[in-house]
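Chains as they are written, first to last, in the numbering used here: chain A, 564 to 909; chain B, 564 to 909.
Don't read these hints as lab results, they were simulated from the structure.
Hints may contain errors.
Distance condition first, Cα-Cα at most 25 Å in a straight line; then the derived DSS-like pairs of lysine-lysine [as the list claims (entries may be wrong)]:
(1) K842/B <-> K866/B
(2) K814/B <-> K814/A
(3) K724/B <-> K728/A
Computed from a predicted structure; not experimentally measured.
Number of protein chains: 2
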Amino acid sequence: MSQIQNDLLLRALRGETVERPPVWMMRQAGRYLPDYLKLKAKYDFFTRVQTPELATAITLQPIDQVGVDAAIIFCDILVIPQAMGLEVLMEELKGPSLPKIIATQKDINALTTEGAEESLKYVYDALALTKKELNGRVPLIGFAGAPWTILCYMVEGKGSKTWDKAKQFAYTQPALAHQLLQKITTITIQYLKLQAKAGADTVQVFDSWAGSLSPADFKVFAQPYLIQIADALKGIVPVILFPKGSWYALKELSESSAAGLGIDWCVSPQIARELTGNKITLQGNFDPAKLLAPIPAIKKAVKEMIDAFGVQNYIANLGHGITPNVPVDHAKAFVDAVKEYQAPSL
Amino acid sequence: MSQIQNDLLLRALRGETVERPPVWMMRQAGRYLPDYLKLKAKYDFFTRVQTPELATAITLQPIDQVGVDAAIIFCDILVIPQAMGLEVLMEELKGPSLPKIIATQKDINALTTEGAEESLKYVYDALALTKKELNGRVPLIGFAGAPWTILCYMVEGKGSKTWDKAKQFAYTQPALAHQLLQKITTITIQYLKLQAKAGADTVQVFDSWAGSLSPADFKVFAQPYLIQIADALKGIVPVILFPKGSWYALKELSESSAAGLGIDWCVSPQIARELTGNKITLQGNFDPAKLLAPIPAIKKAVKEMIDAFGVQNYIANLGHGITPNVPVDHAKAFVDAVKEYQAPSL
Numbered sequence: 564m565s566q567i568q569n570d571l572l573l574r575a576l577r578g579e580t581v582e583r584p585p586v587w588m589m590r591q592a593g594r595y596l597p598d599y600l601k602l603k604a605k606y607d608f609f610t611r612v613q614t615p616e617l618a619t620a621i622t623l624q625p626i627d628q629v630g631v632d633a634a635i636i637f638c639d640i641l642v643i644p645q646a647m648g649l650e651v652l653m654e655e656l657k658g659p660s661l662p663k664i665i666a667t668q669k670d671i672n673a674l675t676t677e678g679a680e681e682s683l684k685y686v687y688d689a690l691a692l693t694k695k696e697l698n699g700r701v702p703l704i705g706f707a708g709a710p711w712t713i714l715c716y717m718v719e720g721k722g723s724k725t726w727d728k729a730k731q732f733a734y735t736q737p738a739l740a741h742q743l744l745q746k747i748t749t750i751t752i753q754y755l756k757l758q759a760k761a762g763a764d765t766v767q768v769f770d771s772w773a774g775s776l777s778p779a780d781f782k783v784f785a786q787p788y789l790i791q792i793a794d795a796l797k798g799i800v801p802v803i804l805f806p807k808g809s810w811y812a813l814k815e816l817s818e819s820s821a822a823g824l825g826i827d828w829c830v831s832p833q834i835a836r837e838l839t840g841n842k843i844t845l846q847g848n849f850d851p852a853k854l855l856a857p858i859p860a861i862k863k864a865v866k867e868m869i870d871a872f873g874v875q876n877y878i879a880n881l882g883h884g885i886t887p888n889v890p891v892d893h894a895k896a897f898v899d900a901v902k903e904y905q906a907p908s909l
Numbered sequence: 564m565s566q567i568q569n570d571l572l573l574r575a576l577r578g579e580t581v582e583r584p585p586v587w588m589m590r591q592a593g594r595y596l597p598d599y600l601k602l603k604a605k606y607d608f609f610t611r612v613q614t615p616e617l618a619t620a621i622t623l624q625p626i627d628q629v630g631v632d633a634a635i636i637f638c639d640i641l642v643i644p645q646a647m648g649l650e651v652l653m654e655e656l657k658g659p660s661l662p663k664i665i666a667t668q669k670d671i672n673a674l675t676t677e678g679a680e681e682s683l684k685y686v687y688d689a690l691a692l693t694k695k696e697l698n699g700r701v702p703l704i705g706f707a708g709a710p711w712t713i714l715c716y717m718v719e720g721k722g723s724k725t726w727d728k729a730k731q732f733a734y735t736q737p738a739l740a741h742q743l744l745q746k747i748t749t750i751t752i753q754y755l756k757l758q759a760k761a762g763a764d765t766v767q768v769f770d771s772w773a774g775s776l777s778p779a780d781f782k783v784f785a786q787p788y789l790i791q792i793a794d795a796l797k798g799i800v801p802v803i804l805f806p807k808g809s810w811y812a813l814k815e816l817s818e819s820s821a822a823g824l825g826i827d828w829c830v831s832p833q834i835a836r837e838l839t840g841n842k843i844t845l846q847g848n849f850d851p852a853k854l855l856a857p858i859p860a861i862k863k864a865v866k867e868m869i870d871a872f873g874v875q876n877y878i879a880n881l882g883h884g885i886t887p888n889v890p891v892d893h894a895k896a897f898v899d900a901v902k903e904y905q906a907p908s909l
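I would like the entire structure built from these sequences, with the hints used as guidance.
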C-alpha cells in the first residue's frame, strides 16, 4: 500500500492533530465542472459510471482543478438497487427512476443480496484505477446510500418531495420494510468492504432522505441500519455517516462505530459540537447556496465556519452537494479559504 | 361579537386550562376531501379563492365532515405578491409560478405595499361570510406567508427544492433582500390586521421555506420579520408562527410576542418543549405521511404525541399540510383520536 502524501482527511478521521482541516465537497466531481460537462455530452450517465477510465477521469478532475484534499469516486447510490436486480433509469432533467417498484413480499424475495461482488465490479475497478492514478496524492473516498434512502427510491420509483409512499410502506408494513432494509444493509456492507479492498481509504454513507423521518421513526427505520453498517466496517475502513436533516440523531450516532458524522447547513457548528460532545470528527456544513455569493463573502463565511467547528476533529465540506450553477472559481475560493485558514490568535 | 361555543383553540393559545387539546389540520380544507374536488373541477384556483361564497363553502367542509375544532380560511399565501403587483399563475400539476420575478432595485420599487385593503377585499369578505356561517361553532383562523417564504417565490418565480436563487439574491444583495422583506412585512401586517377586523380569531404565519436557511441566516433574513409581525399584531389577535424546518429558532421565537409556535414532525415533542421551556403554546406535529398508516396505528401515534406534548398549552395538528392522498376516514381518525384522548392516570 502506497503512502498517502496529503493524509489530512484520514488523520482528521482518526482524531489526530492536523495543521489545518482537510477539505472536500460533496458532488465535487460533477456538473459545475466544464470538463465534466464535456464527458457528460459524450457518454450517458451509466456509461460514465460503469467505465472505469471515465469514472476515474471524472473523479480526478476536482483534485487537479479545485485542489480538494480527497477524491470521492464518481458513482451513484442507485447502483445498489441495480445490483439487487432492479432496473434504474437516469434521464436528463427527469432524475432517476425505477420502472419496477418494491411493494410486496414477493418483490422483496426477488431481490438478491449476492450482487455486490460481480455486478459492481466496475466500481472496484474504478477505485483501483483511481488509486493508481492518484499515486498517493490524496485519500480516496468510497460511498453508498444508506438503507432508508435506498428504500425510498425502491418503493417510490423516483424522487419525491415528501417520500409519502415510502413512509406509507414503512408505517403500514413495518415487517416488510425491515426485511427490505436488512437486505439493502447486507449487500451494502459487502459493497463497502469490497470498496475498501479495492482502495477506498474511507467510505461515506449518504442518508439523503433521513430528514423525512420523525425522530421516533428515524430510530426505527434508519438508525439501526446505519449503526449496523458502521459496526461491520469497524477496523476495516473509517466510516462517515451523513444523516441529512436528522440533527436529532447526532448524539446517538456520535456514540456509534462511525469515525465521522456529516452535518448539514441547518445545524449550527456549535450545536453540532454540543450534541456530539466532541466524541467524533464532524464534517460539513457550508450552505451550498452560499457558493453563489461573491468570493469575499464565501471566504468570510468559511472562516466563521472553521472558527465555530474548530480546526481539530473537523473536515471542511458543504452541508449538501455542490449545485451545477456554482462558478468553478467560487468552488475554488471555498477550498482555498480552508487552506488559508489561520486560527484566531489566543 | 358572537360568543364562540367551542373555544378550545383560543383558550389553548391564551394558555388557559383546557379539558382536552383542540385539533385542526393544516390544509384541512383541500384536496383529500371529495366535496372540495367537486368545486375544484368546476372553478379554477383563483376563482375558488376570490369568490367569498366558494371560499366559505370550502372553509366549512372540514368542520362538518371531519369535525376539527377550528376553521382556517381557504386562501393562498401568494395573494400577497398579487396584492403587491405581481402576476401569480396557479397551474394544475405545475404548482404556482410568477412570470415576472424580483431581481433589482427597480423591481422592488415597483411593488406596492398599499394593496392590502382594496385588492385583498375578497379575503376579508370570505372571512366575514365564514364567520357568519360558522355562527360561533368554532374559531376562525386567518393566515399569511412569512416574508422569507414570500421572497422565495418572488425571486425564484416558482417552487424549488433548494431555493438557491432566493438564497443567492439574499447572500449577494442583502440590502435589496432586506428592502423586499420589509415591504412584504409591511403589507402582511396590514393584511393580518384586516383579517382580524373581518373576523379572524387568530392568524398563522407560514414560513414554509424557513428550513432552507442555516441558523445564522434565519436570524438575518427570517426571524426579525416574523418577530416584527408578531409584535405588530400583539393585543389585536393571537399569532401562531410556523417556521417549518427551523427547529433551531424555537427557543428565540418562544420569547417573541407570538401566542403559539407550529412544530414540524422532525422535532420530537420533548425537544420542542425543552427548547421553548413551556413558555408558549405549541402546535403540531403529526407526520402527515402517518395519516396513510392503518387507523389503529394513527390512533396509537396520536395518543403518544399528546402524551409527549401534554394536554395544556398544546394544539394538536399535523407537522405540515395534509396530502391529497389521505383517505377522509383517516383524517377523521386523527381528529377523533385527539377528541377521545384520556390522559394517562397518575
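*Which hints from the list above does the structure break, by number from lowest to highest?*
none
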